[in-house]
Amino acid sequence: METITLALSKGRIFEETVPLLAAAGITPACDPEASRQLIIPTNLPHVRLLIVRATDVPTYVQYGGADLGIAGKDVLLEHGGEGLYQLLDLGIAQCRLCVAVPRTFDYAQAVRLGSRIRVATKYLKSARAHFAAKGVHVDLIKLYGSMELAPLVGLADAIVDLVSTGATLRANGLVEVETIAAISSRLVVNQAALKVKRALLQPLIDVFEEKSRDRIAQ
Amino acid sequence: MTLWTVPDHFRDELPPAAERLETLRRQWLDRLRGHGYQLVAPPLIEYLDALTVGSGRDLAERTFQVVDPLTGKPVAVRPDMTPQIARIDAHLLNRSGVTRLCYAGPVAHARPANLFAVREPWQLGAELYGHSGVEADCEVARLLLCLLAEAGLEAVRLECAHMAIFRVLTRGWCEADAETLFTLLRAKDRADLQRFLAGRELPAEVRAALLWLPHAYGGEEVLAEARRRLPDWPEIAAALTQLTALAKALAAEGAAVGFDLADLRGYHYHTGVMFAAFAPGSAAAVALGGRYDGMGAAFGRARPATGFSIDLRAVVTLLPLSPLPGAILAPALGADAPAKQRTALVERVAALRAAGEVVVDELPGHPRESWFEAGCTRQLVWERGAWHVVPFAE
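Chains A and B, in that order, give the protein sequences.
Numbering-wise, my numbering puts 101 at position 106 of the first sequence, and it's gapless, one number per residue.
Just add 1379 to wherever you are in the second sequence, counting from 1, and you've got my numbering.
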């Protein structure tokens, strides 16, 4: 029997996807937070969920480990999106990719002077493209988390990171100076799967589209 | 570095995979010859500019480049053989009528196309020059399906698109915007497409058409819907008529055909009908083809051109692994063996080889296990005055 495999990450994306799945008549057999299982069956025998790290979702979908996946636009920008269809903006996990600097750092002045700016980020590709388009020279420092710390200890002049409410930035004395991209979660689909298994996948995609349209309209 | 490793994304082909590849290559080239496709063999290395004709920056970045020590000119290992075949048709053969050519050989990519890809695909293809009608596209698409079926690939699906629809909808656009749109359509990124178009002055019918394209995939019903949703322009009508003709020709063969009007590729290259073959088990297309009428112009003579190419290595990995028949071990006879026995052995071995069997000559002094490693499952045994093929006893 042909199956559907959907890759997604634990936490917020999983929680916000559950109602979308419910609308399609799909109920996960267990909560990934409570289980160590990485493949979660559902009430439908031919549908299963793959629990992977957010940054790995595009890779699993690109190489057919999963037919569909839910990944943030931030992750897709870094991955490049090669070999994927980014069919839907699900309107979940909305935030933005920003440049932020310490309140005491005059970013506009540094850019005007043509300074070389040290930027700490997890998003090397997006950051490189953004500063290259502006014509600003940067030294990129790859970090894996707690980016806000880097400027505070003199490791960087600025950071490129996701900002949702801005509370973490404020708590660490940083201000947002530029928005690079609006981020939300996308439904990505393996290109071959959309063609070979279209009859199976399309109804699910249609339900997701309808539900996310309602959500974005709200 | 250890001397027995090879660079990343390069690979040795070992027995029996190498044999499968070669068998398939021969079988396919024979089939193409039967359809009048004449074999050509262009060089592995050419001038860089000639290899990257019509491919833009993208392919240039994927190309192994060196400076020719003989002349100081930049040359490259071919990343794709199609421009070489177009060059041969345009400027070497100079035929005025229809020219059908086929080819097979390795190409090299400076970067792997994806994580699983080898940087040295073995490309095999067929190109048809000199006919601009859709009959030529139908012929090459049918031929592609015939080759894939013959190789034993099952449930292949051909997905078709048409470059003219994109070209005519973006007529007058600047290159950068057209390329951005191309990328968004390729990814079917409906959300970002909407944002991108929101900031542009566009005729309403063009905007509606572009917003619909990422939804334009499915069966033949897509073409009917396209007639309603796309502007009623002669170029678009012609493109849809060609796709309908292609669908009809392929359906007559019992092929599974789909349409995906946003499935664009070869921005600097394709001009008309395009198709991609998908097989279950592969996360990417196994073969690509389509029309590229403009390429010959760079070689001095623009010619209608269509064709396809397949990565042999990618196809072979999808085929079921039927075991190859085992070889037969012919014993090494001692100096004291009777002449009759010796002559009979020579004759029997020759007859077996003529019948297509693999017969391995034993060399003295090696344990029997070593002949298993060499692929022998049977041996020749002298019994009742004749040589008999018998399985190796357990």
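For the record, the hints were derived by calculation from the structure and aren't laboratory data.
The beta carbon of each residue, even a glycine, is placed where N, CA and C say it ideally should be.
Any given hint could be a false lead.
Unchecked claim - Computed list of chain A residues with no C-beta within reach of chain B, every gap over 12 Å:
{"id": "1", "residue": "P40"}
{"id": "2", "residue": "L83"}
{"id": "3", "residue": "G149"}
{"id": "4", "residue": "V183"}
Said to hold, decoys possible - Covered by chain B, according to a simulated footprint, are these stretches of chain A (three or more residues, beta-carbon under 8 Å):
{"id": "5", "region": "72 to 78"}
{"id": "6", "region": "100 to 111"}
Quick rundown of the hints versus the structure:
1. Residue-level check passed: P40/A sits 20 Å from the nearest beta carbon of chain B, beyond 12 Å.
2. The claim that L83/A lies off the interface is violated: its Cβ sits roughly 7 Å from the closest Cβ of chain B, which falls inside the 12 Å cut-off.
3. G149/A, annotated as away from the interface, keeps every beta carbon of chain B farther than 12 Å; the closest lies near 37 Å.
4. Residue placement check: V183/A does not keep its beta carbon more than 12 Å from all beta carbons of chain B (closest about 9 Å).
5. Counting residues of the region 72 to 78 of chain A whose beta-carbon sits less than 8 Å from any beta-carbon of chain B gives 3, enough to reach three: the coverage restraint holds.
6. By the rule of at least three residues with a Cβ nearer than 8 Å to a Cβ of chain B, the coverage given for the region 100 to 111 of chain A is violated, with 0 such residues.
Of the hints listed earlier, those the structure fails to meet are numbers 2, 4 and 6, in rising order.
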